[in-house]
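So the sequence lines, in the order shown, correspond to chains R and H. Final position of the first sequence in my numbering is 143; the numbers increase by one with none missing. Final position of the second sequence in my numbering is 230; the numbers increase by one with none missing.
If you are wondering where the hints come from, they were derived from the structure by calculation, not from laboratory data. Note that this is a predicted model, so its numbers are computed, not measured. Backbone N, C-alpha and C define an ideal beta-carbon position, used for all residues, glycine too. It cannot be assumed that every hint is accurate.
For the chain H half of the interface with chain R, some residues (derived, Cβ under 8 angstroms), not all of them [to be verified]: (1) Val28; (2) Gly31; (3) Leu55; (4) Ala58; (5) Ala83; (6) Val87; (7) Phe88; (8) Cys102; (9) Lys116; (10) Phe120; (11) Ile172; (12) Ile175; (13) Leu182; (14) Asp219.
Stretch-level coverage of chain R by chain H, calculated; a stretch enters the list once three of its residues show a Cβ under 8 angstroms from a Cβ in chain H [said to hold, decoys possible]: (15) 11-18; (16) 40-53; (17) 56-68; (18) 104-112.
Some chain R residues flagged as far from chain H (calculated, every beta-carbon gap over 10 angstroms) [what the hints assert, rightly or not]: (19) Val25; (20) Asp74; (21) Lys78; (22) Ala79.
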Amino acid sequence: MFDFLKTCGQGILYLILSPILLIIVLVYTVYSLAVFLFMFFKRIFMFFSGEDMKDEMKIDKLAKLHIKQQDEEDEVKKAIQPSPVIEKTTTTLVQPIIIQTDQNGVLKSVQIPSSNNPSENSLPNESSLIENKEEAKEEEDEL
Amino acid sequence: MINLLLKLSESDKRVLIALCLVLIILLVLIGYLVKLIKHILSKKADFVDNSMYDLLDAEVILNKKHFRKVSWEKNRRKFYFSARIPVFFILLSMLTIFIYMCVVGFDLSFIGKYNKDLSFALDWENTGELLLGFIPVLARWPQVSKVPLFHFDKVDAWLTYIFDLGMIYGIIHFILCSIVLLIRNIRTIKVSNEYYKKDLNALKEAKLQARGVHIKKPDEELTKVIKEET
Chain R
1 MFDFLKTCGQ GILYLILSPI LLIIVLVYTV YSLAVFLFMF FKRIFMFFSG
51 EDMKDEMKID KLAKLHIKQQ DEEDEVKKAI QPSPVIEKTT TTLVQPIIIQ
101 TDQNGVLKSV QIPSSNNPSE NSLPNESSLI ENKEEAKEEE DEL
Chain H
1 MINLLLKLSE SDKRVLIALC LVLIILLVLI GYLVKLIKHI LSKKADFVDN
51 SMYDLLDAEV ILNKKHFRKV SWEKNRRKFY FSARIPVFFI LLSMLTIFIY
101 MCVVGFDLSF IGKYNKDLSF ALDWENTGEL LLGFIPVLAR WPQVSKVPLF
151 HFDKVDAWLT YIFDLGMIYG IIHFILCSIV LLIRNIRTIK VSNEYYKKDL
201 NALKEAKLQA RGVHIKKPDE ELTKVIKEET
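Please model the complete structure; the sequences and the hints are all you need to start from.
Have a look at this one:
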């Protein structure tokens, strides 16, 4: 309903404004006749100077050249950048080395797991623990 | 006491309602016609956007004044090439009459005479009544008192008809071309003002982004804490 009333209103408005619009159009027609004559003589002048009005303007040619240069530069940059190479990777599980120390920071034991047998890696070797303790005591006595 | 109230009969009321409906329909038709014309002209004005797009993309346009200068030149060239045909027809029509006058004699009265014969006249007497004393209402169709007369046996009549057709087509087409030129020039001014508008909000955002300032607003919880503290 609102659109209908809006259309009616526009109809009234343009009916009232139509004489003014007609005068503007007629005046601009006279101006455009002058423009036409100007462009006619300009084309004759351009013909004798070796140009043609049908061809693109110089600024259009410069713009197209500039865009083409930028596109070429972008292509060169893309060609220089190395493309990511997908290599076959092998994952290796690294077992943690467990280092035990006492309150004073003296080394107690070091557990280095072996890669072949996972069962050995899980539990510490007792003999190695004892040896390490004795060594740690000797070091303390020396100090 | 003078009775100022109008007394309308049933037929008067019906005629008034019909007149109102005709007026409303006419206004709606004019409104839709204006919409159609606006749509067509906006499509024609898209030439400005298409012609200037590459230039703005390549940044070869320096400023608003340069933009308007280049765009107006493009519009003038487009107008020249589109207005050549109607101007050619106008010149051709005038040239045929001129050549004929050079042979027969410089007397243009035959054009007026044959154009008058082409017109038709209607007899408006006894066709209607005056509603409420001043509103003319059509009750009967008018009689045709004069029909158009064609003189196909005379050379100057043929020349008059060719001249009329050429001039009517040329003038109407030229007026349409000049309206399109006007619309494109207006569009140039509008686009140049929009594109080169100095927007302070956009400038502020650009400067803030360049400085790396934290522009993210605090969330609801933080906002509550801020409000409590203040």
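Hints, one by one, checked against the model:
1. Val28: 6 angstroms, holds
2. Gly31: Check passed: Cβ of Gly31(H) comes within 4 angstroms of chain R, closer than 8 angstroms.
3. Leu55: 5 angstroms, holds
4. Ala58: Nearest chain R Cβ about 4 angstroms off; hint holds.
5. Ala83: This hint holds: Ala83(H) lies near chain R, its Cβ roughly 5 angstroms from the closest one there, short of 8 angstroms.
6. Val87: 6 angstroms, holds
7. Phe88: 11 angstroms, violated
8. Cys102: Cys102(H) check fails; min Cβ-Cβ to chain R is 24 angstroms, beyond 8 angstroms.
9. Lys116: With Cβ-Cβ at 25 angstroms, over 8 angstroms, it is violated.
10. Phe120: Given a least distance of 25 angstroms, the restraint on Phe120(H) is violated.
11. Ile172: 11 angstroms, violated
12. Ile175: Since chain R brings a Cβ to about 5 angstroms from Ile175(H), closer than 8 angstroms, the hint holds.
13. Leu182: 5 angstroms, holds
14. Asp219: 38 angstroms, violated
15. 11-18: The restraint on the stretch 11-18 of chain R holds, since 4 of its residues have a Cβ under 8 angstroms from chain H and three suffice.
16. 40-53: This one holds; 3 residues, not fewer than the three required, reach chain H with a Cβ under 8 angstroms.
17. 56-68: holds (count 8)
18. 104-112: violated (count 0)
19. Val25: Contrary to the label, Val25(R) does not stay out of reach of chain H, its closest Cβ about 6 angstroms off (not over 10 angstroms).
20. Asp74: Consistent with the label, Asp74(R) stays out of reach of chain H, its closest Cβ about 14 angstroms off (over 10 angstroms).
21. Lys78: Answer for Lys78(R): holds, closest chain H Cβ roughly 20 angstroms.
22. Ala79: 23 angstroms, holds
Violated hints, in rising order: 7, 8, 9, 10, 11, 14, 18, 19; the structure is consistent with all others.
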